[in-house]
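K.L.:
Going line by line, the protein sequences match chains A and B. Just so you know, we're using the working numbering here: the first sequence kicks off at 1 and counts up by one. Just so you know, we're using the working numbering here: the second sequence kicks off at 1 and counts up by one.
Check each hint, because a few of them may be wrong.
To give an idea of the interface, some chain B residues facing chain A are shown, with a C-beta separation under 10 Å as derived from the structure [as the list claims (entries may be wrong)]:
1) I4
2) C55
3) I58
4) K71
The calculated label-pair distances, taken between Cβ atoms and stated as ranges, are [what the hints assert, rightly or not]:
5) B:R23 <-> A:R11: 19 to 29 Å
6) A:T157 <-> B:R31: 35 to 45 Å
7) B:D44 <-> A:P10: 16 to 26 Å
8) A:E15 <-> B:Q35: 26 to 36 Å
These are calculated hints, taken from the structure and not from any lab test. Nothing here was measured: the structure is a model prediction, and the numbers come from that model. Yeah, the Cβ is synthetic: ideal placement off N, Cα and C, and Gly gets one too.
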Amino acid sequence: MTMTEDLLAPRPDEELVFDANPVQADRITHYCPGCHHGIAHRLVTEVLHEMGVAPQTILVASVGCATFTYDYMLVDSVEAPHGRASAVATGVKRARPDRIVYAYQGDGDMGSIGLAEALHAANRGERITVIFVNNTVYGMTGGQMAPTTLLGQKTTTTPKGRNMATEGAPLRMSELMAQLDGVIYAERCALNTVRNIRAAKKAIRKAFEVQRAGLGYSFVELLSGCPTNWHMDPVAANERIGKDMIPVFPLGVYKDATGGRPDGAAKEADHE
Amino acid sequence: MSRIVLLEERCKGCLLCTTVCPRNILRKSERFNHQGYQVVEAGDNAAECTGCAACAVICPDVVIRVFRTRKARDGRGGDA
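Model the full assembly from the supplied sequences, consistent with the hints where possible.
P.N.:
So, in structure tokens, the structure goes:
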């Protein structure tokens, strides 16, 4: 037994209160230091593990930094063309209605390239769950403006900052989703503080419970940091979420048409 | 005392954990791992750990394992 293995064994008077979950691959991710995809991956896999549904779950991965999600979440998976994860998830769910099907999409993928597919899947009330990671920038391609980029934010395609007159205002997906009759649940969370991360896990649990109960479409937006493309260190990037992002993208439940169903789902959110 | 175990090879040195520890136990070390990142470490006051697991909750890279001593349990909840 190595020293680390020895340390990893609880002593008689101890309880292991935080451990990795078996649905998340024991693999170092390609994500940059301080990237919140890692937190989002952990929350989703913890929820699937705690619900005991991972063997019956199918992930539809998107395009962007999160493309390799299928390497990190130990569930069956399909890779969708850019932006079309919600459309592919529609097909998967209709073919296999007994499975839990979710798409994991970024803001460039879902808010720009795949906006039509995303909104129509939601409007049709497809019985899928979409985890939407909003970090206000295209990450993988090198930091171009996304639909969610904040006004004044500098990106490679808005070198002087996003300008309302020429590029428009940040797109608010949770608010859009809330307007659609097919949407049963829509909540915006953030991954910047311990309290918000715990609230995000409850929201993700609720979204998957909505699908398990067959109620309809569920959506969780996660405000996330991208230190690399924000040109900030991870701690400063984390602070930016509370300071600049949450005022533009307020946290909360935007739609809850569950009517108290399903039983045992998450309680009221507790955002900061 | 409660305690944490840092799986140093997983760490990317983002230091988010250092911002949430209520006892300021975590700090940047002088060591680099095989990924090339300057990793975090528990400081001299590691014995003050309450087992709250805030560090593990915010860590994007599942670096931290938290062990809470039973008598030290304070109802602050560790899982998230």
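K.L.:
Hint by hint, where does the structure go against what was stated? Just the numbers, ascending.
P.N.:
The structure conflicts with no hint, since it agrees with every one listed earlier.
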